[in-house]
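Novice: Sequence:
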Amino acid sequence: MKDWFTIDKIDETTYIISEYRHPEETHCYLLIGSERCLLIDTGLGICNIYEQVRKLTNKPVTAVATHIHWDHIGGHKYFPDFYAHKAELDWLKGKFPLTTQTIRDMVIDRCDLPEGFDVSKYEMFQGTPTKVLNGGEIIDLGNRKIEVLHTAGHSPGHLCFWERERGYIFTGDLIYKDTLFAYYPSTDPEAYLQSLEKIAALPSKRLFPAHHSLDIQPEIAIRMRDAFRELKAQDKLHHGAGTFDYGDWAVWL
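Everything in the sequence shown is counted per my numbering, starting at 1 for the first residue and increasing by one.
Keep in mind the hints are simulated off the structure, nothing from the lab.
Virtual Cβ for every residue (Gly too), placed ideally from N, Cα, C.
Mixed in with the good hints there might be a few duds.
What follows is a set of in silico ranges between Cβ atoms, one per label pair, in the way DEER data are often shown [to be verified]:
{"no.": "1", "residue 1": "Ser186", "residue 2": "Asp11", "range": "32 to 38 Å"}
{"no.": "2", "residue 1": "Ala201", "residue 2": "Asp3", "range": "34 to 40 Å"}
{"no.": "3", "residue 1": "Tyr20", "residue 2": "Gly240", "range": "30 to 36 Å"}
All chains, please: the whole structure from these sequences, using the hints.
Specialist: Pasting the structure below:
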């Protein structure tokens, strides 16, 4: 674990840039097109992700956030061209519902920090996006087209990204193997179900989460959808219902 970032290749023009030295194990995804590139999430911002991107491409890069949480936008400071959903613009203007000290505590929690890192200087990224997303947009990279899907639930403006031609779905914090968070005041369990309905209906061939295990198959979206449907039928799909464990994943409501 000498290096902060770990890079894995999905195919010749798609890469995973991971941060395994933090317990969040955040994954960012670089999609290289013929004209420009899309970087889905930028990680914690503890080390410079831009340097890693430049090892893989010299084309222009647009950063996009699956959602405006500290562990997904830390490297946005290196990318002046970035997109974000309209529902979370206030979080980019100092209105994120956690204090700076709380975020700093989470940054260093159980983390194998790089030498010389000073958490007292860590700030949550703030800025104005070059494009505000609503969902439904197509991001054209030249020979690759990425569809923006508004998938609220984990957060109000959460986004997934669908590349139909390759069958790739990038799911952010909506879907991953571990405990899904849907208990914060800013989460919406009912919206979460609707978003899972949307993702489960896609003919996806590969699913790429924002955290933890990359050994994950698209069928998990169907299992999650079905579990959320059952929770709703049992009148348990609401804040305060508790934690429900389904083996390779769980949800905290």
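Novice: Could you work out which earlier hints the structure fails to respect and list their numbers in ascending sequence?
Specialist: none
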